[in-house]
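Student: All chains should be modelled from the sequences, with the hints used to inform the complete structure.
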Amino acid sequence: MARSAKPNVGVIGLGLIGSRVAANLRKAGYQVWVWSRSPRPEPNFLSSAAEVAESAKQIQIFVSDGAALLETVKAMAPALGPEHVVINHTTVSPAETVAASHVVQERHARYLDAPFTGSRDAAAAGQIVFYIGGDAGALEKVRPQLEVNAKAILPVGEIGQAAALKIAMNVIIAVSTAAYSEALAIIDRSGIPLYKFGEAFQLHGANSALGNMKLPGMIKGNFEPSFALKHMFKDVQIALNMASEYGIDLPASTAFAGAAMSGLQSGWAEEDFSVLARQYGFPNPDHEIPEGTFPSGGAQPDNGASAPSLAQPKKGIFPLFGPKS
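So the sequence shown is numbered by numbering that gives the first Met the number 0: it starts at 0 and just counts up by one.
It is worth saying that the hints were derived from the structure and are not from the lab. One should not assume that every hint holds.
Capping the alpha-carbon separation at 20 Å, the derived lysine to aspartate or glutamate pairs in EDC-like fashion look like this [what the hints assert, rightly or not]:
| hint | residue 1 | residue 2 |
| --- | --- | --- |
| 1 | Lys56 | Glu139 |
| 2 | Lys26 | Glu41 |
| 3 | Lys219 | Glu157 |
Since this is a predicted model, take the numbers as computed values, not measurements.
Tutor: Rendered as structure tokens:
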């Protein structure tokens, strides 16, 4: 039996991630209709979000914030119907994604809360991790489309819960990277070459993929954005607002937000959020890092392979402390 044709899909927002997601979908054989506030020389670039909804039934949204998300779904609303699935990938608060879902559902369309983790390079390689909140049936309908760009797809629960998980993960990334800056400052003021921190990092329990991705640029003073400071500041502010609602304190996040605000005031908004290392004024940011100090990254899985579903808890979630076979 012949396989059914792939559906037309839409991508709204063609920044660092959305543009790469759209490119991968085209390579996978999808007809992709796109729109972004800033016109781009992209195939099938339409004049509005509403036109995307008229041309495609499965629409992925990568916009800047909650206000842009709500504006986008309201613009699409007249064109939405029961066959549509709107997939929001923008990192917003749980309340904002729930509000957007109501606009979509009022048109009898379905909505997925689907923030992601992954850098510009991960997006280009089809190695994004999607957190999913919402209807399981809607997820299964769009799963083949998501798998084109997915390293993994993690169902979380209801709409809003995936957004909360993404914010929590970004708190870890933000405060960890701030800690790297502080550690490098201590190394620098002690007169130790900064690359020595990298060598020690590889032999320490704190060694991580995040550190191996961020530290080379921090040591060399290269802050080309994979995730801009202005966006990380926004996400940590969401975390602080959530904490206020829940009656809990987040002292590390509060400290990061203060440092990030100083960075924004210094004109660093568009640079990678690891640019906070610049405040310490390392005297030799262009110091050569010996080859092999940091891993260059292992081989990526075949993008044609299905992304694993992590719907059920599994043994060994935590390698050091999971159940032994």
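Student: Each hint needs a verdict: does it hold in this structure or not?
Tutor: These are the hints, each one checked on the structure:
1. Proposed proximity of Lys56 and Glu139 is supported: the alpha carbons are some 14 Å apart, at most 20 Å.
2. Between Lys26 and Glu41, the direct Cα distance comes to roughly 14 Å. Compliance with the 20 Å bound is thereby established for this hinted pair.
3. Note on Lys219 and Glu157: the hinted pairing is violated, with a Cα-Cα distance of about 42 Å set against a maximum of 20 Å.
Violated hint: 3 only; the structure is consistent with all others.
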